[in-house]
Structure formats: C-alpha cells, structure tokens
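Trainee: Top to bottom, those sequences are chains A and B.
In this text, residue positions in the first sequence follow this note's numbering: the first is 1, and each later residue adds one.
In this text, residue positions in the second sequence follow this note's numbering: the first is 1001, and each later residue adds one.
Calculated from the structure, these hints are not laboratory results.
The beta carbon of each residue, even a glycine, is placed where N, CA and C say it ideally should be.
Just so you know, not all the hints are guaranteed correct.
Unchecked claim - Restraint-style ranges between C-beta atoms, simulated for each label pair:
{"id": "1", "chain 1": "B", "residue 1": "R1149", "chain 2": "A", "residue 2": "A48", "range": "44 to 52 angstroms"}
{"id": "2", "chain 1": "B", "residue 1": "A1021", "chain 2": "A", "residue 2": "A44", "range": "17 to 25 angstroms"}
{"id": "3", "chain 1": "A", "residue 1": "H54", "chain 2": "B", "residue 2": "D1083", "range": "19 to 27 angstroms"}
Unchecked claim - Stretch-level coverage of chain A by chain B, calculated; a stretch enters the list once three of its residues show a Cβ under 8 angstroms from a Cβ in chain B:
{"id": "4", "segment": "34-42"}
{"id": "5", "segment": "45-57"}
{"id": "6", "segment": "112-124"}
{"id": "7", "segment": "127-141"}
{"id": "8", "segment": "157-166"}
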Amino acid sequence: MSGRVAVPPFTELVEEHRAMVHRFLTVAVGPLEADDCFQETFLAALRAYPRLEHADALDRWLLRIATRKALDHHRGRRRRPEPSETVDAADAALAGRPESGASASPDLGDPLWSAVASLPPRQRAAVVHRYVLDLPYAEIGRLMESSTEAARANVAAAMRTLRSEVSR
Amino acid sequence: MNGATEPRGRDLRRLAAGADARSAELTDALADAADERGLVDVGIGWVDSPLGRLAVAVTRRGVLEIVFPDRDRDDWLSSLARDVSPRILESPTRAEPVRRQLDEYFAQRRTRFDLPVDRRLIRGFQAATLRALERVPYGSTSTYGDLARRAGSPKASRAIGSALGRNPIPIVIPCHRVVRTGGALGGYAGGLDRKRFLLELEGSLKS
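Here chain B stands alone, though its shape is the one from the complex (with noise of 0.2 angstroms):
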C-alpha cells in the first residue's frame, strides 16, 4: 500500500478549488442567457447617485420601481416577488438605460426621462393622479390642490398626497415637483432631504 499518495474522500475537495469566485463571475453571463430566453421576469439593477445607491426594477414593458436606498433588499425583492414574478435576477445590461439615464439627469444633462414604464404597480386613483404630474415640467413645481383639480378630483388632495406616497418609480415620474400651496415642501417618501435636493437640482427651489 502507498499511504502516502492514496487519496482519502477529502482530498477531492482540492479540485473545487477557484469554484466559489468562478460561480460569482459567471452570474451576470446567466441573467442575459436567461433574458434572451424570456426568462427574466423582473431584472435589477443599482445605481449610485447623489441621493444614495437606487435600486431599480426593470420588465419588459419598461421602469417598474425606483427604490431609495433606506428600503430593506430582501423586504424589497420579497414584495416584487409576490406580486409581479418571483424570477427575479439582478441583470446589469436591463438596468442599464435606467441607470444611464439617471446619470445624465443628476448631471444636469436631461430634463426629461425618455424610458418605457411599466404601470403595474400603479393602482386605482393613483394612475389618475401620475398621469396628472406627468403634466408638470422640470424646473417648476405644482401644488396638491392644483394637482388634485387636475387629476379630475379637486377635493382630494389628501389622497394625492397618498397617492404620491406611494409612486413606485420615483424621480422618473416626478412627485417631488409638488408642494404646499405656500410654498413649503410638503412630504416626500425618500424623505426631505432628498426632495430639496432634487428641486435645487432642477432649479426650482433656490439653495
């Protein structure tokens, strides 16, 4: 017997070696074999801007959400899970549009976003009320009520409040352009800082 050289279970663990780094670099290659088999349900991405790392969800029909960096991912990924697709699959070339056109806007190089969106998670009043903000162009603000009596509805503005609360693709469809009718900001769902943030940007609101 050669006891030196005879190989125990054990020993076939050496030829996995580089496996565990090898498996991480071949994840991207699989999100875009998956997506040209139509197998990609919601693709997402991330994206670092001046308001934080936004993570962005993206279909087929186009932008579904544009999350802010305080939403927890599994929270995040578990909800889209359930209610869109649980094929999931962070993929870097569908986020890519998204994440470009953002750079350009936090550079002051766009004013408008010029990306297919995906409405599915826009539901009921809510749908009424984004397409009445739609309306509302870079570097000027609208205010709850008007929205409201635009929206068709002008004695609902705390419910466009809500409504606004809960846009699922913020900064592309822009809810932090309405403010209170005296001029203060109002409420923001990514908070304050980044409403003002996003205003100055614009030129809108004065630093």
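Next up, chain A with everything else stripped away, as it sits in the complex (with noise of 0.2 angstroms):
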C-alpha cells in the first residue's frame, strides 16, 4: 500500500481552477447545466482525495472529472423529453441569477448555441478544449480517455458541423 501523499489543501484546488472548470462545462453542458455539474465535480474530487496517489498535474485531474461529469450528463438527457423546456428554463434562472450582471451572463440567444447543441457529445467536450481552453491534441486525448487522433478527428468533425450550423 502507499502512504498518505502530501496534496494540497482543497480550497487551494477550488480557487484556482474553479474558473477552468465552469468555462469548460458552461459551453460543454450549457449555461443552465453547467452549475450543477460544477458541483458534481468538486463533490467527486472530494470524495477521491484523501485516495488520490499522487499530487501531479491536479488540474488535468479535476478536468478529467468534468469531462466525465460533461458526457455522463448528455447521456442521462437522452432519455429526457421536451428541449424547449429546458431552454425556458434557462432563460428563467439566468434571469434569476442574484449578482451577475446582464453583461457577464452568457447570451442564450447567440446563434453559436444552437450550432454547439447540435455537436454529439465527445465532440462537443473535445472543441471546447481545444479552443476555449486551448489544450493540445495529446492533452485532450487523455482527457476523453481516448487517443490523440481521435481528439483531433472529434476536433476536426466538430468544426465541420459548426461551420454549416452557423452559416446555413
């Protein structure tokens, strides 16, 4: 068995990838969703953390989890009907938001949300770490549990789908 190693404090953790986090998940999941699965991330970091083996690269480790989080997440949708529903939804809490200002909330009705909506899941989680976190191949083909090709084909089939969404 291998001893206890020395992590660092957790707040140290939440302070300073917390923004990463929600960046990713916020266009991976969508606005509304992203807050929740920000939760189920941090909950399960905590829970593996007093196991983890080593205290190497903690970032990649929580963006792991948030990945996970991102397509467990479309996939438990699936089986949920009504989309419109959910878009009111989101509409109602960003307008309920106490302290963000109407500027730093997402605007719901850029047309470059309906375009990432219609991504399959694996590629919407691997754009988004290629452009708004600005991973490299390798990197996110570790992320996703897969291999750098297929982080690029994901990128690459991604960009494709988004380029004739948009200028349909």
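Could you use the hints to bring the two separately framed chains together as a complex?
Mentor: See below:
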C-alpha cells in the first residue's frame, strides 16, 4: 500500500481551477446545467481526494472528472423529453441569478449556442477543450480517455458541423 | 462560403462569458453541499475583530484553531492539510457560530465561550496546562507559576510558557490571562499589544 501523499489543501484547488472547470462546463453542457455539473465535479473530487496517489497535474485530474460529468450528463439527458422547456428554464434561471450583471451572463440568443448544442457530446467536449481551454490534442486524448488521433478527428468533425450550422 | 459568419474555433470562447465570475459565486454553495455529505474535514472562515482579521478552522468535533493575521495563509493551510486532512474548504456556515461568539466577546456581551473544541492539535503536557487555564475566569489573571501548580508540575513554569505559546485556540482558551508574578505581561504568541488589548477588554488591566 502506498502511504498518504502530500496533496495541497482542497480549497487551493477550488480557487485555482474553478474558473477553468466552469468555463469548460458552460460551453460543454450549457450555462444552466453547468452549475450542477460544476458542483458534482468538485464533490466527486473531494470524495476521491484522500485516496489520491499523487499530487501531479491536479488541474488535469479535475478536468478529467468534469469531462466525465459532461458526458454522463448528455447520456442522461437523451432519455429526457422536451428540450424547449429546458431553454425556457435556462432563461428563467439566468434572469434570477443574483449578483450576475447582464453583461457577464452568457448570451443565449447567440446563434453559436444552437450550433454547439447540435454536436454529439464527445465532439462538443473535445472542441471546447481545444478552443475554449486551448489544450493540445494529446492532452485532450488523455482527458477523454482515448487517443490524440481521436481528439483531432472529434475537433475537426465538430468544426465542420459548426461551420455548416452557423452559415446555413 | 459565408466568410463573415463562419465561426472559428476561438469564437466558442465568447459562450463562456461570465463563467469565471459564476464559478466564484458557486463556491459557498459547494462548501455547504460538501458539508451535508460529510466531505469537509476542516471548514475555514474569517472573523473581523479589533485584533485584525482572525482565521478560524472548524472540524465536525468543534473549533480546531484560531489564527492571528500575521500567519501566512498558504503556510497555515498546508500545515492543516498535513496534520489534519487536506479536505479543507472555506465554509462560512461552519465558521458562523465561532464568528458570532467572538463578535459578542469583543462587544463585551459574552464572558465565556460556549463552543465545542477539537483538541487534536493539543499535545502531551500542553493538554494539562490548557485544561488548568480554562478554570481562570474572565476578568482575572493567573501567573505562570500558579498555572504550573494547577497543572500538577510546580517546577515547570518555563514549560508552561511554551505550552501557552503553542495554544492552537487563543482567545477561546484564554492564554492571555497568564502574566508574570510581579505583574509584567510576560509573552504572547499574538504579540503583547493584543494581549494588553484582551486584558483591558476584560477589565483585568487598566488602560
């Protein structure tokens, strides 16, 4: 058995990486669902924290959990009907947010949203990793538990769809 | 091709507008959700006081530590992570009872604390000293020698000094109430100005 490794105080992880995790989730699952996935990501990380066997690249570790939560979220959602209700709920939730000025809220009228929402979940996660977080393909492959080639192919396919959806 | 509207990868970034600020807004709710699930081993919080901004650490057992502002935050949290648990989160909810009672104390509306205490950072000889100290009431003082007798080691007043200096829960465990036999203030981990302030607040030292 390995002994307990010296990992940083969890609050440090939250402060340093919460913005990155929320940025990824906002675009990968949508602004309404992002808050729930964000909480689930950090709760899962807290649960696993005492059993962590190394303290390297904890930002990537968090992002891998967030990626899994995003993919799980889409998997669960496919069984749920009425997508239009979700959009209404998103509008209502964003309007009711305390302390978030209108300028800082995501613009749900942006045509890019519907284009992004039309992407298959793995393509959507990959393209967000590539262009919102600026990660290299090899890293995206590891985060998604596949290969560099798969990451590259997912991002390319996503970009083709985004182009055809937006300029339609 | 419609070059003007065709999205480039980087355009996706505008969809994340507001995410950074939002993530900060979610932090307190995260601490509460984690606490409900028993995932927070140490909750930390901050208390504004006449002695400066105090840091408090609270476990499920009770108050673990009260820290003066001179201590470096990262250094403090790293030792908590090492000595107690790395599952540390800022938790205003956990810190609230401590904050309220300290506020009342500094407003002279409270003369004794009614808070569960987590003694796991108190070790060996220190335990007897701090126990004896808890019998020194608000508004009075004891001496190092007297406390040594009460702790059952009459010759150990030097060891008493160092045990008090490492008191993890100052103010609540009132190590400021111990002075030298002749009336001189002696030492204080939080600095003599703070010790003097506390004794004047309690009325046992005239300003």
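Trainee: Could you work out which of the previously given hints the structure breaks and list their numbers from low to high?
Mentor: none
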